[in-house]
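Assemble the complex: chain V is given as a structure, and chain Z must be docked to it using the hints.
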Amino acid sequence: MSDGHLDAELWDHVLEDDGVAPTVQAHLASCSRCSAVALRRRRVVELLKETEVTEDVPQNLEADVFELVRLDHVAQVVRDAALAPPPPAHLEEAALSRALQDTPVAPVVTPAGGWGRRTGAGLLAAAAVAAALFAITSYRQVGDLRERVKELQVASGEPGVPDGHDMQLVSFDPQQGSADLELVHFRHDNYKFLLRTRDLAVTPPGNHYELWLVGRGGDVSAGSFRIVKPDDITFSFQIGVDPKAFPDLVVTVEKDDGDPARSGRVLMRGVIDPQHVDH
Amino acid sequence: MKVREIDRDEDLLADVARGDTNALRELYRSFEKPLYSLGLRWMQGDRQLAEELVQEVTLRIWRAAGTYDASRGAARSWIFGIARNVATDLYRKSLRQPVPVEEVEGSGPGHLDDQAAWRTWEISKILQDLPLEQQKVIELAYVCQFTQSEMARTLGIPLGTVKTRIQLALSKLEPAFLEAGLVEGETR
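As given, the protein sequences belong to chains V and Z, one line each in that order.
With positions in the first sequence counted from 1, the corresponding number in the numbering used here is that position plus 367.
With positions in the second sequence counted from 1, the corresponding number in the numbering used here is that position plus 3.
Don't read these hints as lab results, they were simulated from the structure.
Where hints are given, some of them may not hold.
[Said to hold, decoys possible] Listed below are the simulated DSS-like cross-link pairs for lysine-lysine, each with C-alpha atoms no more than 27 angstroms apart in a straight line:
#1 Z:Lys175 to Z:Lys139
#2 V:Lys596 to V:Lys622
#3 Z:Lys96 to Z:Lys139
#4 V:Lys611 to V:Lys559
#5 V:Lys416 to Z:Lys139
#6 V:Lys416 to Z:Lys96
#7 V:Lys559 to V:Lys622
#8 V:Lys596 to V:Lys559
#9 Z:Lys166 to V:Lys416
Please read all numbers here as calculations on a predicted model, not as lab measurements.
So here's chain V without its partners, still in its complex pose (with noise of 0.2 angstroms):
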């Protein structure tokens, strides 16, 4: 009891327990403050009745939620084909006779299969994921969650759920952008990069940026890619070489003069830790 009025005694009261009740009850005939508080807790257990908190919320949910949301550039990419107007149809016709030129493009999706210059694979690659990505546009609002992450996950070539490590590459200048670099490794020793860039320069005409595999074996281009509008893009480079045998990653601006070695200047770095590297 502080300053005439009763407190702990209330939740006594309120709780019901009998011991005290009696005194409590004397107090209140005469107290209209404790007769006040005394209702308005009553109300506050109430509340607590009338609300249903669960405490099983399922132990995958967060673990699943968050592989959507790591997914989500290719939900994005869904979503957009969902929304897109079919393609007039001259538009593979176009696409396949650019796509003999060995024009590096600008991808979404870059290089996936085998090695060297891969521009003009990797765009039928990006159209062979496209044509994925159209094929699950009957995207579900309501499903089975799991199923929903395992959807994306094919669709963005990831036969299961990914095991590999992050790393950053560095951006040697600053006014470049930044970008950071995952490597993921699947099955049947499948590796995966996902460069996700930060306002990166934009491309300059004529030329095109290259990630390319170093190390004692020499330099593998993992693919080209372009940046037409600084933005938060993620390039997605699919390798079948060993990291470990090429630790050193570098990404280069490249001339569009056909030639497939590697010549331009170096735009950022970094390094695969072979620790890290699962078999």
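Relative to chain V, chain Z alone:
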């Protein structure tokens, strides 16, 4: 306590808008349980739909955090609004049959009216701020409807400790409920 929580949610949303997934995870942990609880009520106990709700709301926050305008309302109200919209969509789809517009707009999905939904949301969020041991006794007392003796046996603690924890928890909840407008009166 409440003011700091509101500021924190708004700060987190600003970080999420910059693409910070750690901020999204912290924000997520503040609403996962309240939203899942609300989802179960909205979706009439359908756990899959409640999970779908949590998933969709998180994705929409991730995508739209940049559009949040603090001058137009608190972050928790903004998130609640998203949750309600998503729940309405999910509920409509789950029915697999046309729903009269006035029915959906007049009451929340699953016939849980907006006021009750808002109360559930607010109370669940407030409970999240209690120490875990106090959350536990409140849940046992009011969700599981255990007696204090049953709680003492379940938790393996003396009956007096159960009473103390309940009173401590209620003493913290009372001013928080008052501040959130869930109960009326003056602070003491």
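For each hint, the structure was consulted:
1. Z:Lys175 to Z:Lys139: Holds, at about 14 angstroms.
2. V:Lys596 to V:Lys622: holds (19 angstroms)
3. Z:Lys96 to Z:Lys139: violated (35 angstroms)
4. V:Lys611 to V:Lys559: Distance of about 13 angstroms is within 27 angstroms: holds.
5. V:Lys416 to Z:Lys139: holds (14 angstroms)
6. V:Lys416 to Z:Lys96: violated (31 angstroms)
7. V:Lys559 to V:Lys622: Holds, at roughly 25 angstroms.
8. V:Lys596 to V:Lys559: holds (24 angstroms)
9. Z:Lys166 to V:Lys416: holds (17 angstroms)
In this structure, the hints that do not hold are numbers 3 and 6, in rising order.
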